[in-house]
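Engineer: What follows is each chain in one-letter form.
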Amino acid sequence: MFEPLDKLLTNPIRLMVMSVLIKVSDCDFNYLKKITNSTQGNLSVQLKKLAESEYISIAKSFENNYPKTKLKITKKGILAFENHFKNLKKYQNLDL
Amino acid sequence: MNHSKQLSLINEAINKTKEQLKPTSVNFIFWGLLISMMSLIHYFFSEFIQKTAYSSLFYWTTVPIIGMVITVIYNIKTSVRLGYETHIGRALKLVWGVFNIAWLVIVVLSIFKKQNPVQEILFLLGIVLLISALLIRFTPLIIGAIAVISCSVLIAILPSINVLLINAVATFVGLVIPGLSLYLSKKHV
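First to last, the protein sequences are chains A and B. At position 70 of the first sequence (counting the first as 1) the number is 238 in my numbering, and the numbers step up by one without a gap. At position 44 of the second sequence (counting the first as 1) the number is 724 in my numbering, and the numbers step up by one without a gap.
Next up, chain A with everything else stripped away, as it sits in the complex:
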């Protein structure tokens, strides 16, 4: 049975963010910016979308007077990512 792919995760930046967050316990904004090779504005928009769907949690704080944004994947996010990955594998087999 082929399920439709999660549209939220078909965006390359959002997919990369979720792939990083699945591996780490927490991660900061600048690291994601570096990994995704995206602009601050674009990344913020994509992160907001993921947070609104409760796939990630965003914690903002101050460190040495500088704002710091820490991100974590939620349980809902883990399930969504795992499901998306399984579906991708199924579709990839079909492509072959």
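Simulated from the structure, these hints should not be mistaken for laboratory data. There's no promise every hint is true.
In silico lysine-lysine, BS3-like type, Cα no more than 27 Å apart, as pairs [said to hold, decoys possible]:
#1 B/K696 to A/K236
#2 A/K175 to A/K201
#3 A/K228 to B/K685
#4 A/K191 to B/K793
#5 A/K236 to A/K254
#6 A/K258 to A/K201
#7 B/K685 to A/K236
#8 B/K685 to A/K244
#9 A/K243 to B/K773
#10 B/K702 to A/K201
#11 A/K201 to A/K228
#12 A/K240 to B/K794
#13 B/K685 to A/K216
#14 A/K244 to B/K696
From a predicted model like this one, the values you see are computed outputs, not experimental measurements.
Following the hints, position chain B against chain A.
Structural biologist: Same frame as chain A, but now just chain B:
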């Protein structure tokens, strides 16, 4: 974006976010050298270190606590520079945090019991090293952990053995050698 492209993006992101084991190896080398040196200094200058009833206790608590502060600052700075903490990194941090607390409890209890804590500390160190070695899947550290546990058993079997020399050997074999080997390896988890 097609399915293969999505899978390759996932792969790329996961591969870029590797567990950095160099800072972990620096911790092992630092602690191995510190405790080995402390043991040897105590052994060769025992009259000075054991001058009063509490001088050796002061020596064995003050220096390691300073060491803990240095390693905590180093690890915080490394974590900030890296920008992420992996699940393995978090597990290692928790395991060694618990070890530090257990080490303090053993030292304090040994004062009340008027007993040398080296055997208990070495056994605990060996177990924590073994957990760390299995987490990062690094064979030289597994061997080092077994060596430390063996040294602890040796103290129990041969009570007349010099615990300071055994402590120096155990920390060098269990921490410095695997630490250097981890530092020089290109291993990532």
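Engineer: Run through the hints listed earlier and report the numbers of any the structure violates, in increasing order.
Structural biologist: 3, 4, 5, 6, 7, 12
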